[in-house]
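Asker: Sequence:
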Amino acid sequence: MNHDGNEQFKWLLCPVCGSKTRIKMRSDTELRNFPLFCPKCKQEMIIHVKDYNVLVIMSRPQQHRHLKRKDSIRFLVFLAFSS
326 MNHDGNEQFK WLLCPVCGSK TRIKMRSDTE LRNFPLFCPK CKQEMIIHVK DYNVLVIMSR
386 PQQHRHLKRK DSIRFLVFLA FSS
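In terms of this note's numbering, the numbers along the sequence shown are unbroken and rise by one, the last being 408.
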């Protein structure tokens, strides 16, 4: 694998709240059935990533008393892969 010093990285953003997660991606990063956890909104989801496009396969909302709205996201498609 060639590690070029000029390689661009992007932070993987949470598809629910839009904040940075703790995952960085390169342009050639591909993830399948990756368990993503957002430390800000505390959501856990299974995602696929290809060419910086994120597809949320499954999302499990966390139940918190301090939330004013109900987070009832079961399936969420953020960006679909282009075939």
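None of these hints come from the bench; they were simulated from the model.
Ideal placement from N, C-alpha and C gives every residue a C-beta, glycine not left out.
Hints are supplied without guarantee of correctness; some may be wrong.
Stated by the list, open to error - Okay, the calculated beta carbon distance ranges per label pair: (1) 383 to 333: 17 to 25 Å; (2) 360 to 335: 30 to 38 Å; (3) 383 to 332: 24 to 32 Å; (4) 375 to 345: 28 to 36 Å; (5) 335 to 362: 16 to 24 Å; (6) 332 to 359: 18 to 26 Å; (7) 343 to 382: 17 to 25 Å; (8) 343 to 376: 27 to 35 Å; (9) 383 to 338: 24 to 32 Å; (10) 333 to 385: 14 to 22 Å.
Asker: Decide, hint by hint, whether the structure agrees.
Answerer: A quick look at each hint next to the structure:
1. For the hinted restraint 17 to 25 Å between residue 383 and residue 333, the CB-CB distance of approximately 29 Å leaves it violated.
2. Judged by the Cβ atoms, the range 30 to 38 Å given for residue 360 and residue 335 is violated: they are separated by roughly 20 Å.
3. The given range of 24 to 32 Å is respected by residue 383 and residue 332, whose C-beta atoms sit roughly 30 Å from each other.
4. For the pair residue 375 and residue 345, the beta carbons lie near 20 Å from each other, so the given range of 28 to 36 Å is not met.
5. At roughly 18 Å, the beta-carbon separation of residue 335 and residue 362 lies within the given 16 to 24 Å, and the hint holds.
6. Judged by the Cβ atoms, the range 18 to 26 Å given for residue 332 and residue 359 holds: they are separated by roughly 20 Å.
7. For residue 343 paired with residue 382, a C-beta distance near 19 Å keeps the hint of 17 to 25 Å intact.
8. The beta-carbon spacing between residue 343 and residue 376, approximately 20 Å, falls outside the hinted interval of 27 to 35 Å.
9. Checked against the given bound of 24 to 32 Å, the beta carbons of residue 383 and residue 338, roughly 18 Å apart, lie outside it.
10. Hint check: residue 333 to residue 385, Cβ distance near 32 Å, so the stated range 14 to 22 Å is violated.
Going through the hint list in order, the structure does not satisfy hints 1, 2, 4, 8, 9 and 10.
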